[in-house]
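Take these sequences, add in the hints, and give me the full structure.
There are 2 protein chains.
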Amino acid sequence: MSSEELAAWGQTTAAQVRKDLSHFGSFGKRGLGYQAGELRESLRTLLGIDRSWKVALVGAGRIGLALYEYPAFRSRGYDCVAIFDSDPSKIGTAWGDQSICALEVFEEVIKERDVELVILAIPADSAQEVASRAVEAGVNGILNFAPIRLNVPPEVPVEDVNLVIELEALSFQITQRT
Amino acid sequence: MSSEELAAWGQTTAAQVRKDLSHFGSFGKRGLGYQAGELRESLRTLLGIDRSWKVALVGAGRIGLALYEYPAFRSRGYDCVAIFDSDPSKIGTAWGDQSICALEVFEEVIKERDVELVILAIPADSAQEVASRAVEAGVNGILNFAPIRLNVPPEVPVEDVNLVIELEALSFQITQRT
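Chains as they are written, first to last, in this note's numbering: chain A, 1 to 178; chain B, 1 to 178.
Heads up, a few of these hints could be off.
Taking lysine to aspartate or glutamate and the EDC-like style, the derived pairs with C-alpha atoms no more than 16 Å apart in a straight line are [claimed, not checked]:
#1 A:K29 with A:E4
#2 B:K54 with A:E104
#3 B:K54 with B:E112
#4 B:K90 with B:E112
#5 A:K54 with B:E112
#6 A:K90 with A:E112
For the chain B half of the interface with chain A, some residues (derived, Cβ under 7 Å), not all of them [to be verified]:
#7 L43
#8 G48
#9 I165
#10 E166
#11 A169
It is worth saying that the hints were derived from the structure and are not from the lab. By construction, the Cβ of each residue, glycine as well, lies at the ideal position given by its N, Cα and C atoms.
Structure representation (structure tokens):
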């Protein structure tokens, strides 16, 4: 496959494809292009998606449920092994094969089930406390839906998903054009 | 307020704050810093968030509902004026004060209610068709949750939210560190 073909597929330019891939090693052969199967496997290993990841979901509300039932998560190897909530009426009830746990047993369950990633789908006022407890319990990364900047050690990566900022990015672009 | 204070608040550096703001005009005074109230109003105008925006939600599923009930949307001026779905069992039922409309009346409702932004919370296989119809109907921007790159004219900005990519970004960072 040529970098032109890869570029068309990713809606970018051939030069950008070559530049991006060069950050991670030497993949293609000049004049011959890329061996697509090998490239895919190398990128999967590089991205850490050649394996499955144990995920815990904190917050069994609407966003939590939407995420839990998001088919692409499981198909890409993200396996939800625990769900937590603070609402007594939810604790002990089941989503699929997962029984919702109390936050009181958070550390214990995280360690027992070897959770690596935590998804925080909880309000801003409780997110920092849970994030700190997750780090303390040995979690390696956090996907944060709470509209707050989490203060965690630099070795624990955090990805923030802030839906208001996405809408504001649109408003900004539209405003610039009118 | 000094650029140092703004930087601490935004978890960045003072130099970055000055550089970022300089892209949009001349805000602060050397040695005096920024007049916070004025700066806030200028940025709100610049971002297009000094006004409200009429939004339509396409897809009355789990993600759609989570978005519809997301309190920060309304409080930041994003007003959902229409909801669409293709499922006959949902059409005509109400979420809050909004009755769910059929996609058959999409263009008509978009125009009647002056919709400016569309949120696509639908599967990949129907997203392109609805996006094209939204553009045709005069929508100015699209927030896309479908895992597909939309093909729309360059004057209509699209923001993609791909939750799998957010998780993969974490996996990548963790893999790089271990």
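Verification of the hints:
| no. | hint | result |
| --- | --- | --- |
| 1 | A:K29 with A:E4 | 14 Å, holds |
| 2 | B:K54 with A:E104 | 42 Å, violated |
| 3 | B:K54 with B:E112 | 12 Å, holds |
| 4 | B:K90 with B:E112 | 21 Å, violated |
| 5 | A:K54 with B:E112 | 47 Å, violated |
| 6 | A:K90 with A:E112 | 21 Å, violated |
| 7 | L43 | 10 Å, violated |
| 8 | G48 | 3 Å, holds |
| 9 | I165 | 9 Å, violated |
| 10 | E166 | 5 Å, holds |
| 11 | A169 | 5 Å, holds |
Going through the hint list in order, the structure does not satisfy hints 2, 4, 5, 6, 7 and 9.
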